[in-house]
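Kindly produce the complete structure, drawing on both the sequences and the hints.
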Amino acid sequence: MSEVLSLQEKLVKEFIRMEAMLNGQAQAPVHAIRKQAMTRFTELGFPTIRHEEWKYTNIMPVVKNDYAFNVHNTSTVTKSDIEPFLLPDVEANILVFVNGSFAADLSTIISPKGVEVMPLAEAFKKKATVVEKHFAKYALWQNDAMLALNTAFALNGAYIEIASGAVVEEPFHLLFVNDSRAQSTFAPVRNLVLVGANAEATIVESAHTLASGENYGFTNIVSEVVLADNAHLNHYKVQQDVEQSYFVGALHAEQAGTSVLNTVVVTLSGGIVRNNLSAVLAGKGADTHFYGLYLVNGKTLVDNHTLADHAVAHCTSNELYKGIMDDRSTGVFNGKIMVRPDAQKTLAYQSNRNILMSPNATVNTKPQLEIFADDVKCSHGCTSGQLDDESVFYLRARGLDKEQARALLLYAFAGEITEKIQLEPLRERLESIIAERLHQELVS
Amino acid sequence: MLTITNLQASVEGKEILKGINLTIGKGEIHAIMGPNGSGKSTLASVLAGREDYEITGGTVTFQDEDLLEMSPEDRAREGVFLAFQYPVEIPGVSNTNFLKAAVNEVRKHRGLAPMEPKAFLNMMREKMALVEMDQAMVSRSVNEGFSGGEKKRNEIFQMAMLEPKLSILDETDSGLDIDALKIVANGVNKLRSKETSTIVITHYQRLLDYIVPDFVHVLYKGRIVKSGGKDLALELEAKGYDWIKELAQEEVTA
Ligand SMILES: Nc1ncnc2c1ncn2[C@@H]1O[C@H](COP(=O)(O)OP(=O)(O)OP(=O)(O)O)[C@@H](O)[C@H]1O
Ligand SMILES: [Mg+2]
Numbered sequence: 001m002s003e004v005l006s007l008q009e010k011l012v013k014e015f016i017r018m019e020a021m022l023n024g025q026a027q028a029p030v031h032a033i034r035k036q037a038m039t040r041f042t043e044l045g046f047p048t049i050r051h052e053e054w055k056y057t058n059i060m061p062v063v064k065n066d067y068a069f070n071v072h073n074t075s076t077v078t079k080s081d082i083e084p085f086l087l088p089d090v091e092a093n094i095l096v097f098v099n100g101s102f103a104a105d106l107s108t109i110i111s112p113k114g115v116e117v118m119p120l121a122e123a124f125k126k127k128a129t130v131v132e133k134h135f136a137k138y139a140l141w142q143n144d145a146m147l148a149l150n151t152a153f154a155l156n157g158a159y160i161e162i163a164s165g166a167v168v169e170e171p172f173h174l175l176f177v178n179d180s181r182a183q184s185t186f187a188p189v190r191n192l193v194l195v196g197a198n199a200e201a202t203i204v205e206s207a208h209t210l211a212s213g214e215n216y217g218f219t220n221i222v223s224e225v226v227l228a229d230n231a232h233l234n235h236y237k238v239q240q241d242v243e244q245s246y247f248v249g250a251l252h253a254e255q256a257g258t259s260v261l262n263t264v265v266v267t268l269s270g271g272i273v274r275n276n277l278s279a280v281l282a283g284k285g286a287d288t289h290f291y292g293l294y295l296v297n298g299k300t301l302v303d304n305h306t307l308a309d310h311a312v313a314h315c316t317s318n319e320l321y322k323g324i325m326d327d328r329s330t331g332v333f334n335g336k337i338m339v340r341p342d343a344q345k346t347l348a349y350q351s352n353r354n355i356l357m358s359p360n361a362t363v364n365t366k367p368q369l370e371i372f373a374d375d376v377k378c379s380h381g382c383t384s385g386q387l388d389d390e391s392v393f394y395l396r397a398r399g400l401d402k403e404q405a406r407a408l409l410l411y412a413f414a415g416e417i418t419e420k421i422q423l424e425p426l427r428e429r430l431e432s433i434i435a436e437r438l439h440q441e442l443v444s
Numbered sequence: 001m002l003t004i005t006n007l008q009a010s011v012e013g014k015e016i017l018k019g020i021n022l023t024i025g026k027g028e029i030h031a032i033m034g035p036n037g038s039g040k041s042t043l044a045s046v047l048a049g050r051e052d053y054e055i056t057g058g059t060v061t062f063q064d065e066d067l068l069e070m071s072p073e074d075r076a077r078e079g080v081f082l083a084f085q086y087p088v089e090i091p092g093v094s095n096t097n098f099l100k101a102a103v104n105e106v107r108k109h110r111g112l113a114p115m116e117p118k119a120f121l122n123m124m125r126e127k128m129a130l131v132e133m134d135q136a137m138v139s140r141s142v143n144e145g146f147s148g149g150e151k152k153r154n155e156i157f158q159m160a161m162l163e164p165k166l167s168i169l170d171e172t173d174s175g176l177d178i179d180a181l182k183i184v185a186n187g188v189n190k191l192r193s194k195e196t197s198t199i200v201i202t203h204y205q206r207l208l209d210y211i212v213p214d215f216v217h218v219l220y221k222g223r224i225v226k227s228g229g230k231d232l233a234l235e236l237e238a239k240g241y242d243w244i245k246e247l248a249q250e251e252v253t254a
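Going line by line, the protein sequences match chains R and V.
Using my numbering, read the first sequence as starting at 1 and increasing by one per residue.
Using my numbering, read the second sequence as starting at 1 and increasing by one per residue.
No false leads were mixed into what you were given.
Residues on chain R that point at chain V, a partial pick, calculated with CB under 10 Å:
hint, residue
1, ALA397
2, ALA405
3, TYR411
Here are the simulated lysine-lysine pairs, PhoX-like style, with alpha carbons at most 20 Å apart:
hint, chain 1, residue 1, chain 2, residue 2
4, V, LYS108, R, LYS402
5, R, LYS377, R, LYS284
6, V, LYS194, V, LYS230
7, R, LYS55, R, LYS336
8, R, LYS402, V, LYS100
9, R, LYS133, R, LYS35
Over 10 Å on every C-beta distance to chain V, these chain R residues come out as not near it, computed from the model:
hint, residue
10, PRO29
11, LEU44
12, GLU200
13, ALA313
14, THR330
What the hints contain is simulated information worked out from the structure, not anything from laboratory work.
Backbone N, C-alpha and C define an ideal beta-carbon position, used for all residues, glycine too.
Right, dumping it as structure tokens:
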């Protein structure tokens, strides 16, 4: 008799199987963390909508599906499969992962001066001391089931270390492919990014599911990012995936003094998309920017949870998330600003603005301000509504038809986020996709 | 050019225009004055096609066509231009791109090809000079962060670009300083021809010193209660609206 195992039970079995294959690595300190994380995951279980942080995002469809794990064969994906996902005309370090495993023959590492870039699996051995110092120190899994799960299965992903003072012009494109064409696949990925003092770098992260039939890809990507004094990092996440994709991802950063983190998350399509983002402003003068755009339709669910954690004085956080929701799509925005007692002179701004294009689209917004210092400037605001009739009329009164007027206004609305992307080829590409999408949706 | 017959309009069940009759011939300038809330902007909006108003009666004929049947964009393409009393700010949409789209829509409607970029730029430059707008303002987002006066000047700049047949200027003078008033009036005068007509809505006689009307009408409580020549504006300036209100009262009770 074959028993029907839950996904959680299967993951427990899979963990034991995975451990057996670790050989010498099973004694490494990071594996002790994996084990603790696995135990914690089994205690917590997959989050349900009873969990405050998952109130509006029901991942039961994700959990109920049957997945293959750790499919290490990367050869199922070819260059032509990934061609559409590459940034045209950009000289970049391209790291491709297939179902969580590094695909060397699909990757291009131009490794400029001052950069160490390699698969995390390799870094666990070659850079053990550095990895041990940072691994699981920022992505706090103890009370977060999905982080615990990712930590337990943290075997591979990208390791990027930028030396102090290195200004890296070439962006790093981390391209994650979930090949679920043969069967639904669960692909956990773990990245570690260390940006040295006064160094500058740009990372583009994109996840893509190859699916067919009833198969669904479940991708779980967690990045830990450390910015040393005065480091600058641009982090762009592009989400344009198929309907049969589930994505749960997180970026957890820690920033030293006067460092600058600029994150932009653009979600254009997918099944269920959950993004967690946090930055701990741990050094005086650190500056963080969270920008997000979700332009979705169909039944796509996009959930962004963010946390700007002001731990010390004189730091700035600036956050703007905007949504254009059509059809039966659902948006969730939960933005938390934490100002700890020492964080005097904090400047923290947050805004979430949504345009609902259809009566069946919904958005749930929750700002959370926890302020324990008195000399601070914090503001937050959120709006959800239709396009402004006055503006539409103004444009029509100048000869633009209704659809043109609406497309122009929506494009401008989205433009406030895309303009934050400093990597020009990426910005232009997204802008043209958005323009085309708006045109199609409004004319049809 | 334009014939308004017994036009009635209401908003949210409240009757605002209660039977307007007005005929505007080619090449004419008509001034519409009247106390606050009398329905001047409502009339302008109804002519431009704002959908918030319900037309409850009457007709409007523009160049032998039923204006009320047309969409706002078709009215604009046919040559109706409204300079808004309160122009809206449109962040993220540059004046230049917006005008390019607008000009080309109007051209398409007239069976013309889109303008060449160079010709468009030349036209922009020429019209900017006309209303003394500088490049910086034109490059910015539509009206965003513009001062009250700058917004009004931008309306006239748009009018210059679109070359309408019927222009409706809704209190374009309010918010303008004395120099800007002269510039704007001068622009309007240069743009007029025997083929174009203008409706000037204003509270002040001063504008009419520069844009000299052929007719002056007083709108009160949704009706035109008095019409005359340009001297009527002077009379209103001197006497205020009380006598007009009494006049209207007599008419209603009579
Ligand atoms: N959308 C609306 N909803 C409710 N009332 C409206 C609306 N638009 C106009 N009104 C009312 O209609 C009346 C006429 O307004 P209108 O703006 O046409 O006056 P006006 O003559 O242009 O005044 P002003 O000289 O102050 O510009 C006013 O009482 C106004 O409050
Ligand atoms: Mg008015």
